[in-house]
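Engineer: Assemble the whole structure, with the sequences as input and the hints as a guide.
Counting in my numbering, the final residue of the sequence shown is number 514, and the numbers go up one at a time with none missing.
Think of the hints as simulated: they come from the structure by calculation, not from any bench. Predicted, not measured: the structure shown is a model, and the values here were computed from it. Mixed in with the good hints, there may be bad ones.
[Said to hold, decoys possible] No farther apart than 30 Å at their CA atoms in a straight line, the calculated lysine-lysine pairs in the DSSO-like style are these:
| # | residue 1 | residue 2 |
| --- | --- | --- |
| 1 | LYS166 | LYS496 |
| 2 | LYS330 | LYS513 |
| 3 | LYS432 | LYS200 |
[Unchecked claim] Pairwise CB distance ranges, derived in the manner of DEER restraints:
| # | residue 1 | residue 2 | range |
| --- | --- | --- | --- |
| 4 | SER203 | ARG388 | 31 to 41 Å |
| 5 | LYS200 | ASP139 | 23 to 33 Å |
| 6 | TYR194 | LYS509 | 27 to 37 Å |
| 7 | ASN462 | ASP286 | 16 to 26 Å |
| 8 | LYS153 | GLU114 | 29 to 39 Å |
| 9 | LYS291 | GLU74 | 50 to 60 Å |
| 10 | SER436 | ASN462 | 22 to 32 Å |
| 11 | LYS188 | LYS291 | 23 to 33 Å |
| 12 | ASN202 | THR112 | 43 to 53 Å |
| 13 | ASP254 | GLU495 | 14 to 24 Å |
From the three backbone atoms N, C-alpha and C, an ideal C-beta is built for every residue, glycine too.
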Amino acid sequence: MMKGKKGSFLLLTAVLGLSMATAGCAGSKEEGSKASPSPGSASQTPVKEQLPPYVIDWYLIGTGPQPDAELVEAEINKIVQPKINATVKMHVFPFADYDTKMTALLATGEKVDLMFTSNGNMNYSNLVGKGGLVDLTDKLDKFAPDAKKLLSEGFLQASTIKGKNYTLAAYKEKGAWLGITANKALMDKYGIDINKINSLEELEPALKTIKENEPTITPLLAVGTTRIPNFNNRNLWNVSPIHSIVLKKDGSGYTLELDEPEYMSTLNTLNKYYKAGYIPKDAAVMKATNDDKVKSAFQFGQLKPYVDVQISNTVGIPWIYHNFGKPVTTTNDLVGSMMGIPTNSKNPDRVLMFYNMMYTDEQLINLVGRGIEGKHYVKKGDKRIEYAPDTDNGKKSGYNPNTTWAYGNQYLTYLMPGEPDDIWDQFKKFNSESEAVQDLGFNFDSNSLKTEVAAIKNVETEFRPILETGSVSPDEYVPKFKEKLKAAGIEKVLQEMNKQYAQWKIDNKK
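Structural biologist: In structure tokens:
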């Protein structure tokens with residue numbers, strides 16, 4: 005708690021210092037029409053009288069809007085409004101619809117102040133290439149010093165594009181295990197030891213057992229762009245911002261993923277499993293829900309310490325996990341959960357002031373992530389909580405987003421049932437053991453290739469879901485995939501990527 009209070013005090017002090025420059029225009033009610041204040045001497049006038057009111061429209065990814073969102077927002081704004089005279093409005097789009105809806109909003113010029121971005125959903129590199137995100141580099145010391153200090157432990161460096169920072173990452177684990185998660189009850193029932201399963205191929209006997217004995221259970225829940233080839237092959241995990249391009253094993257440069265033997269082998273295995281009925285028939289277009297997960301046996305995933313507890317709390321039944329080897333730290337892992345300020349924002353400085361609070365204010369981040377104490381959860385200790393009574397483990401609580409991994413300082417979030425007291429110590433140990441890839445910190449600047457990148461993404465959207473769920477024959481569809489990628493400009497993009505990578509290695513003495 006002391007850390008949160010200290011951060012709030014520092015922020016308040018900074019804002020008071022900024023207020024003098026805007027004292028002459030304090031009476032204005034025009035949102036975002038005036039530049040944010042510049043540093044100056046502290047004023048005795050309350051901050052909210054120095055800064056015009058502003059509504060921060062925050063767009064997040066998740067399972068969808070929560071019934072009690074407005075109640076939570078009211079509590080959030082009791083913290084935020086007195087400090088920076090701003091209120092927060094949260095907009096949550098489901099995972100499957102996030103990119104489509106956000107792309108439409110940004111294209112129409114809708115006011116978006118803060119948004120989730122990553123190496124996957126609403127790819128930050130592509131957004132920067134289109135001029136869609138505000139350059140935060142020279143703003144961090146003034147408006148987000150606490151975030152900058154924490155994220156200087158590698159996160160800011162990983163997301164840098166041409167020496168500039170456009171995003172702020174969630175402060176959490178620095179890498180990921182590759183591996184599988186499994187329905188514990190089913191593993192116990194059939195005596196399946198997942199610790200002996202270290203690849204997609206070794207999973208076959210277990211899938212066969214589930215298929216033959218559990219007709220209502222999906223053996224392998226592989227949906228949409230599952231990335232199973234990347235989870236199954238360590239050398240393919242380090243994909244570039246263009247999913248169809250990966251780093252070569254020796255780190256010398258990038259190559260087309262479709263030319264990697266391991267990728268093709270995994271596609272063939274997936275197609276075999278699909279034909280055997282281990283994967284849902286509508287896998288390529290299926291939007292998996294928690295109920296779908298409950299009714300499945302295995303999933304591939306990006307894992308971290310105690311991910312089993314997180315999944316179990318989310319779906320409501322016990323799940324377990326097994327990782328394939330040591331954790332890996334890639335640029336993608338450090339940029340997997342970030343927030344950026346779109347150029348559609350009317351007041352980036354104020355937005356940054358708010359988001360800095362998410363790295364220091366324990367009460368604030370737990371309101372966003374856990375809801376209201378006494379209504380959505382009850383305290384069981386200084387840092388430990390459980391779902392409120394009569395909420396069916398959070399399913400009927402009215403606010404249970406389960407997205408604390410997406411924003412701010414995760415180390416400030418309250419512990420849920422099953423999470424051990426030493427979880428953050430385990431995360432630190434996990435981070436220290438993670439093996440960094442050779443191109444850590446390299447970010448491809450696609451600004452000169454906007455047309456090609458957009459065309460490639462469209463092609464990937466057409467082919468990757470059907471191939472990576474095993475829904476079609478690789479022998480038939482991979483040549484078509486390659487042909488369309490070539491027509492979209494993949495060779496030009498690959499050439500430019502390798503050119504930038506070669507220069508990056510020289511600049512960074514790699």
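Engineer: Next step is simple, just say for each hint if it's right about the structure.
Structural biologist: Against the structure, the hints:
Distance hint between LYS166 and LYS496 is fulfilled; the C-alpha atoms sit about 20 Å from each other, no more than 30 Å. Restraint check for LYS330 and LYS513: the C-alpha separation of about 26 Å stays at or below 30 Å, so the hint holds. As the CA atoms of LYS432 and LYS200 are separated by approximately 26 Å, the hinted pair is consistent with the 30 Å bound. SER203 and ARG388 have their C-beta atoms about 37 Å apart, which keeps the hinted 31 to 41 Å range intact.
Evaluation of the 23 to 33 Å hint for LYS200 and ASP139 yields a failure: the beta carbon distance comes to about 50 Å. For the pair TYR194 and LYS509, the supplied restraint of 27 to 37 Å is violated, since their beta-carbon distance comes to about 49 Å. The supplied range of 16 to 26 Å is met by ASN462 and ASP286, whose beta-carbon atoms lie about 22 Å from each other. Taking 29 to 39 Å as the suggested C-beta distance range, the pair LYS153 and GLU114 conforms, at roughly 33 Å.
Here the CB-CB span from LYS291 to GLU74 is close to 26 Å, at odds with the stated 50 to 60 Å. Range check, SER436 to ASN462: Cβ separation about 41 Å, and the 22 to 32 Å hint is violated. The supplied range of 23 to 33 Å is met by LYS188 and LYS291, whose beta-carbon atoms lie about 25 Å from each other. Our hint of 43 to 53 Å for ASN202 and THR112 holds, since their Cβ atoms are close to 48 Å apart.
As the Cβ distance of ASP254 to GLU495 is approximately 21 Å, the hint placing it in 14 to 24 Å holds.
Violation of the numbered hints given earlier is confined to hints 5, 6, 9, 10; the remaining hints are satisfied by the structure.
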